[in-house]
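Could you build the full structure based on these sequences and the hints that come with them?
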Amino acid sequence: MYTQGLDQSGKGDPGARGEETAAQLDVFQARIDAEEKIEAKDWMPEAYRRTLIRQISQHAHSEIIGMQPEGNWLTRAPTLKRKAILLAKVQDEAGHGLYLYSAAETLGVSRDEMVGDLLSGKAKYSSIFNYPTLTWADIGAIGWLVDGAAIMNQIPLCRCSYGPYSRAMVRVCKEESFHQRQGYELMLTLCRGTAEQKAMAQDALNRFWWPALMMFGPNDASSSHSAQSMAWKIKRFSNDELRQKFIDVTVPQAEFLGLTVPDNKLTFNKESRHYEHSDIDWQEFFDVIAGNGPCNKQRMAKRRKAQDDGAWVREAARAHAAKKAARSAAA
Amino acid sequence: MSKQEWPLYEVFIRSHSGLSHRHAGSVHAADDEMALSNARDTYTRRSEGVSIWVVRSDQIIASDPAETAAFFEPAEDKIYRHPTFYEIPDEVENL
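As you go down the protein sequences, you meet chains A and B in turn.
If you count the first sequence from 1, position 306 lands on 1255 in the working numbering, and the numbers rise without skipping.
If you count the second sequence from 1, position 90 lands on 180 in the working numbering, and the numbers rise without skipping.
Hints are computed from structural coordinates only; laboratory data are not their basis.
Please note: incorrect hints may appear among the correct ones.
Negatives, chain B to chain A, calculated, CB over 10 Å [unchecked claim]: (1) E95; (2) S110; (3) V117; (4) T132; (5) F161; (6) F162; (7) P173; (8) F175; (9) I178; (10) L185.
What follows is a list of derived Cβ distance ranges for each label pair [as the list claims (entries may be wrong)]: (11) B/R112 to A/P1201: 35 to 41 Å; (12) B/V145 to A/L1036: 26 to 32 Å; (13) A/A1278 to B/E166: 41 to 47 Å; (14) A/P1201 to B/I178: 56 to 62 Å; (15) A/D1189 to B/S107: 44 to 50 Å; (16) B/F161 to A/A1239: 48 to 54 Å; (17) A/A972 to B/R112: 34 to 40 Å; (18) A/D1197 to B/K168: 52 to 58 Å; (19) A/L1036 to B/E163: 50 to 56 Å; (20) A/A1280 to B/Q149: 17 to 23 Å; (21) B/R136 to A/W1261: 29 to 35 Å.
Computed from a predicted structure; not experimentally measured.
Idealized CB from N, CA, C, for every residue including glycine.
Pasting the structure below:
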C-alpha cells in the first residue's frame, strides 16, 4: 500500500540553504540528471533530504496504519484459507512499513522520532486508511483497488533517485502483486456467488472507488511540491498521469467482474484511448487529510494504544539484553 | 514512547548457497539473537535466504563518499591492470 501526494507541508524549508553553494547544487543536479543514484552518506541538498524523510516516513506510517482496516476482518474471514491469506498480507504490510522506516533512517532520522511524529499527529498517512471496512467484500476491494493504486504509484518509485528508497520499493513491489491478485480473486469469488454476495461486492466498489482515486493525491494543478520532486527524480509521473493509468487498467477489470464503476460520466474516449471521468470531490479528500474522515480518530487511538501497551515489552527486552551482556562480560 | 531505542542492525542475506551475502536493509533489536529473528521475519518471508548475517550498524566502518575520488585514486591511473591495455595481433588466438 502506499502513501500519496501528501508532501504539501514544509514548502520553502529554509534548511541549510545558506551553506549550500550553487556549485554543490549543480553537481548534485547533474548526478540526478545522469540517472546516478544518491546514497545515504552522499552530499545532498537539505531540502532533498527533508522531502525524502517526509515522503518515506509517510509511506511507512501508511503501511503500519494500513494494517488496521484489514486486521479488522482477521477473526471473521469466511474460511481458514482466506484467513491465512489475510494474515500473510497484513504481515507483509508490517514488513513494508519496516523496510521503509529502515530506508528513512539512512537519512539521519531516528525510528523513535518518526513514530513520535505519527503518534503526535504531526506526520500524515494515506487518507485511504481512514475509511471503514464494513463487509468482507471490502477486503477484496482493498486488495484490488487500494493495492492496485499503490502498485501504480510504487513501480515508478523503484527508479527513485535515492538508492535506499528505490531498493525498498523493489522489494515492496514484488510482494504487492500477491496483494492485488488475492483481492481481485476474492471479488471474483463473490461475483460468481449468490446475488447477495455480488451485491456486497458492488457495494464495496461503490465505497472504495473514489477514495482509491484520491490516493494519487491532488490534481497536478494544485500539487505544489510535484515539480521539484520530478526534477529530483523522486517522482517520475504526475498524480494525474498515474491516476489516469489506474482508471484505464481498472475499469475493464470491473467489467469482467460484472460490476459497475460508480461514475455515471465514465466514458471511453476512442481517440485518446483513455477513460474520462467525473470530477473528484476534493473537499472530501482534504477533510480526511485534516483528520475528519470516518475512522481517523479510531486509527490513531488504536496505534497509540498499541505503542503504550508494548512499552513494557520493549523495556523488558532491553533489560534482559543488558543483563545477558553483563553476565557474559563477567564470565 | 520508549525512553531509549533498541540498537540498529544491518542485515545481510545469502539467497542461495554459492552466492555471497548481500545487504538487505536494517532492523532494530534489543540483542543479537533478536536481531537475527527480526531480520528473518522482516526480510525472508518468502524464502529469500539460506543464511543471515546481522551486525550492529555502529560497528561498520565505511569509506567517506566525500573522499571517494581521492580514496580510489590509486587505481585510476593503472590502466595496465586491465587486459585491454595490451595490444595483441589478431592472428594470435586464444589469448
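Structure-based check of all given hints:
The claim that B/E95 lies off the interface is violated: its Cβ sits roughly 5 Å from the closest Cβ of chain A, which falls inside the 10 Å cut-off. The claim that B/S110 is not at the interface with chain A holds, since no C-beta of that chain comes within 10 Å of its own (minimum 17 Å). A cut-off of 10 Å between C-beta atoms contradicts the statement that B/V117 is not in contact with chain A; the least separation is 7 Å. Residue placement check: B/T132 does not keep its beta carbon more than 10 Å from all beta carbons of chain A (closest about 5 Å).
Consistency note on B/F161: stated as away from chain A, and its beta-carbon is indeed over 10 Å from all of that chain's, at 13 Å minimum. In this structure B/F162 is separated from chain A by more than 10 Å, as the shortest Cβ-Cβ distance comes to about 15 Å. The beta carbon of B/P173 sits about 27 Å from the closest Cβ of chain A, which is more than 10 Å, so the claim that it is off the interface holds. Look at B/F175: its CB is around 27 Å from the nearest CB on chain A, clear of 10 Å, so calling it non-interface holds up.
Every CB of chain A lies more than 10 Å from the CB of B/I178, the least distance being 34 Å, so the non-interface label holds. Listed as a non-interface residue, B/L185 keeps its Cβ farther than 10 Å from every Cβ of chain A; the least gap is roughly 36 Å. Between B/R112 and A/P1201 the CB atoms are about 39 Å apart, so this pair conforms to the stated range of 35 to 41 Å. For B/V145 and A/L1036, the Cβ-Cβ distance of about 31 Å falls inside the hinted range of 26 to 32 Å, so the restraint holds.
Against the hinted window of 41 to 47 Å, the Cβ-Cβ separation of A/A1278 and B/E166 comes to about 46 Å, which satisfies the hint. Between A/P1201 and B/I178 the Cβ separation comes to about 60 Å, which falls inside the hinted range of 56 to 62 Å. A hinted range of 44 to 50 Å holds for the C-beta pair A/D1189 and B/S107, which are about 48 Å apart. At roughly 50 Å, the beta-carbon separation of B/F161 and A/A1239 lies within the given 48 to 54 Å, and the hint holds.
Checking the proposed 34 to 40 Å range against A/A972 and B/R112 shows it holds: the Cβ atoms sit about 35 Å from each other. A hinted range of 52 to 58 Å holds for the C-beta pair A/D1197 and B/K168, which are about 54 Å apart. Between A/L1036 and B/E163 the CB atoms are about 53 Å apart, so this pair conforms to the stated range of 50 to 56 Å. Checked against the hint of 17 to 23 Å, the pair A/A1280 and B/Q149 passes, with Cβ atoms roughly 22 Å apart.
For the pair B/R136 and A/W1261, the supplied restraint of 29 to 35 Å holds, since their beta-carbon distance comes to about 32 Å.
Checked against the numbered hints given earlier, the structure breaks hints 1, 3, 4 and satisfies all the rest.
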